[in-house]
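> Each chain is listed here by its residues.
Number of protein chains: 2
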Amino acid sequence: MPLHHDSFAPLDPGRRVLMGPGPSDMHPRVYQAMGAPLTGHLDPYFIGVMDDTKALLRYVFQTENAMTLAISATGSAGMETCICNLVEPGDEVLICVGGVFGDRMAQMVERHGGRLIRLEGEPGRPFTPEQVRHALDGCRPKVVGLVHAETSTGVLQPLEEIIPVIHEHGALVLVDTVASLGGTPVKVDAWGIDVCYTGSQKCLSAPPGLAPLTLNGRALEAIAARKTPVDSWYMDLSLINAYWDGDRTYHHTAPVSLFYALREALVLIHEEGLENGHRRHAANYEAFRAGIDAMGLAFFVDPPHRAPTINPVLAPEGIDEAAVRSRLLKDYGLELGGGLGALKGKAWRVGLMGQSSQRDHVILCLGALEQALRAEGSEVAESGVSAASAVYAGTGTA
Amino acid sequence: MPLHHDSFAPLDPGRRVLMGPGPSDMHPRVYQAMGAPLTGHLDPYFIGVMDDTKALLRYVFQTENAMTLAISATGSAGMETCICNLVEPGDEVLICVGGVFGDRMAQMVERHGGRLIRLEGEPGRPFTPEQVRHALDGCRPKVVGLVHAETSTGVLQPLEEIIPVIHEHGALVLVDTVASLGGTPVKVDAWGIDVCYTGSQKCLSAPPGLAPLTLNGRALEAIAARKTPVDSWYMDLSLINAYWDGDRTYHHTAPVSLFYALREALVLIHEEGLENGHRRHAANYEAFRAGIDAMGLAFFVDPPHRAPTINPVLAPEGIDEAAVRSRLLKDYGLELGGGLGALKGKAWRVGLMGQSSQRDHVILCLGALEQALRAEGSEVAESGVSAASAVYAGTGTA
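Protein chains in written order, with this note's numbering: chain A, 1 to 398; chain B, 1001 to 1398.
Keep in mind the hints are simulated off the structure, nothing from the lab.
Treat the hints loosely; a few may be bogus.
[Unchecked claim] Restricting the straight-line Cα-Cα distance to at most 30 Å, the calculated cross-link-like pairs of lysine-lysine (DSS-like) are:
#1 A:Lys54 to B:Lys1227
#2 A:Lys227 to A:Lys142
#3 A:Lys54 to A:Lys187
#4 B:Lys1227 to A:Lys227
#5 B:Lys1054 to A:Lys344
#6 B:Lys1330 to B:Lys1346
#7 A:Lys330 to B:Lys1054
[Stated by the list, open to error] Just the calculated beta-carbon pair ranges, DEER-fashion:
#8 A:Pro129 to B:Pro1028: 16 to 24 Å
#9 B:Cys1139 to A:Gly217: 29 to 37 Å
#10 B:Arg1118 to A:Glu221: 51 to 59 Å
#11 B:Ala1282 to A:Tyr250: 22 to 30 Å
#12 A:Arg29 to B:Pro1123: 24 to 32 Å
#13 B:Ala1242 to A:Pro129: 32 to 40 Å
The beta carbon of each residue, even a glycine, is placed where N, CA and C say it ideally should be.
Using the sequences and the hints, build the whole thing.
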């Protein structure tokens, strides 16, 4: 089979400013760490990297859970790992579906034979404790699944009031923190989250390809009480944990370079301090919000329910959102996300996550968006850059 | 949750020479490619990287198969992706089990509800067409699974005579080429392999974390004729292929950096030429074999059945194989694999795969092994380095 090409151009993606729904920008130290010499996946040095990663993940998840590790695949595999270990055929599972990722959870429950109960959310709004209580009055699920920051809508789900309602009904609480962990508080132990997963490439600012997760004792008991084996070998947590803990039994060949990078990204979060990082994310969101408001653009979600990490901004009437994104990519190397699900073709999704939650990113994004909108023939009310700058200077309001 | 550490040491694994069962050494250009700036997973540049990767994988697999791509997880996930797409509950599947990876295939068939028929191999020997024919006379499987180079034993399974026997019985042929593809011929189309997968980190010498695979039209028809959905969302090939082909529908966030690296590793294979690479692997195996024979050490597998890529060498009576490996790692940064499965504690597994199949690696390995064996109190018959050098000089015989 001869190739139709004689040669391939050297790899040269150019420069990007990543402000979409992830991957986010990576710190130069994370690039450096990723390029460290490979070791084997059972090398004593690499076992130490795994141990550091586990300790740092406990810090970021705010948990003492023994089973805290990262799956060797992307965030959606983290989601499926949690579901296929918790759910046996016939188990009743309630999923709160407020967007694409809640819907993905629901699809996975059905793939693994669970009896799915869907609680549909209202567009752009979080679930209330009353809604969940009402749904739980009619069923007795083993697990209730929620998305903390729904990447497709930008809604941040308050968890502290809802989780006790779920526990009153005896169900395990499964939370997706793919777009929140590291960017806004996630207190696994204090809030009583039983099972929690995330992705490496959003607020953690590591490369995509790993899915950290953590399970408490209640969740492990439920898994131990299964009557049937987990229906995936690769995602069976008992096999994965035997590699991460205890006798380090070979399960799969860990993506060594990605773990180097994840460890370094977590060390950076630890150096900044988790709470300082949350404040940074909040401050950059406030400046971004002031800029978008000044420009006369509209967010999809009302202010109290917005995630500080990912926000859909509605494209003005008559403006082709994809054309604006192409222009931003071409002129500035700036990547925004397109709308997903119900917002497809109607919004830009702007990520302010991890290393992409920075003052320079916010100012560039607002300035570039203004230029691109004018070029596409749209009005811009006021300068978003000026409004954001005033917030940073402490003289403006968000 | 305060961390128990105040700070974490900078990442510094030191230098390794990787001659275990994988990961193998990576070319400096692969490290460089991996460190290129991240783009988004739907960025036009990254789509081009995926297209290049697909074309290059077709070259390496020697196939025209439209569905040729890489799974965003490790080789074992590639194995499970093939099995869970091909096998529905109740389907009869014959697995030829000659070691740990054949056994892993068998376990996965059961996890996904297949009716497993195990054909057990003889230790250190490949399956004969007669054995397979005999097994097939008593059943009517939908799929027959084989491992080309069994990483746990070092046996290379001749495929050209066995595959026609399987096709006579109407079954699909599933082949694991994790430890062979790129190091020894694998002719997917010419040999009639219906489904074939590999890992990124062995003879391809890319970082671990991706699993290339290819399926022909017969296999896709079998998948299209399923009565039930695939029991994994992450591994559902119809969803994965919609991201790799056609309308590029978002499925998961691809590990962008790993794909940069895989593409570069494949470009290197293309530049060398696949057949030249196979000759290099064969020549380095011959020199290594001469050295091991001269030293009075024994291979586990008889010469005609050995994979040129991975070989267990039996530890002499009374020698602690783990102590030798620790010494090699400490004194030379040289990593060999320990025995796996039936060979645990009894052998070293020496990989001569991809960038680790090099003259300098062979000479270092033989020299270091001689020093370590003497240090552990073992006799060494003759110099392995001299014997291998003579082969390279064309004055010795393997």
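> None of the hints should be skipped; say for each whether it holds.
To see whether the hints hold, each was checked on the structure:
1. A:Lys54 to B:Lys1227: violated (41 Å)
2. A:Lys227 to A:Lys142: With Cα atoms ~14 Å apart, Lys227 of chain A and Lys142 of chain A stay inside 30 Å; holds.
3. A:Lys54 to A:Lys187: With Cα atoms ~16 Å apart, Lys54 of chain A and Lys187 of chain A stay inside 30 Å; holds.
4. B:Lys1227 to A:Lys227: OK: Lys1227 of chain B and Lys227 of chain A at ~25 Å, within 30 Å.
5. B:Lys1054 to A:Lys344: holds (28 Å)
6. B:Lys1330 to B:Lys1346: holds (21 Å)
7. A:Lys330 to B:Lys1054: Holds, at about 26 Å.
8. A:Pro129 to B:Pro1028: 16 to 24 Å: The hinted range 16 to 24 Å is violated for Pro129 of chain A and Pro1028 of chain B, with Cβ atoms some 56 Å apart.
9. B:Cys1139 to A:Gly217: 29 to 37 Å: violated (45 Å)
10. B:Arg1118 to A:Glu221: 51 to 59 Å: violated (33 Å)
11. B:Ala1282 to A:Tyr250: 22 to 30 Å: holds (28 Å)
12. A:Arg29 to B:Pro1123: 24 to 32 Å: Violated: the Cβ-Cβ distance is about 48 Å, outside 24 to 32 Å.
13. B:Ala1242 to A:Pro129: 32 to 40 Å: holds (38 Å)
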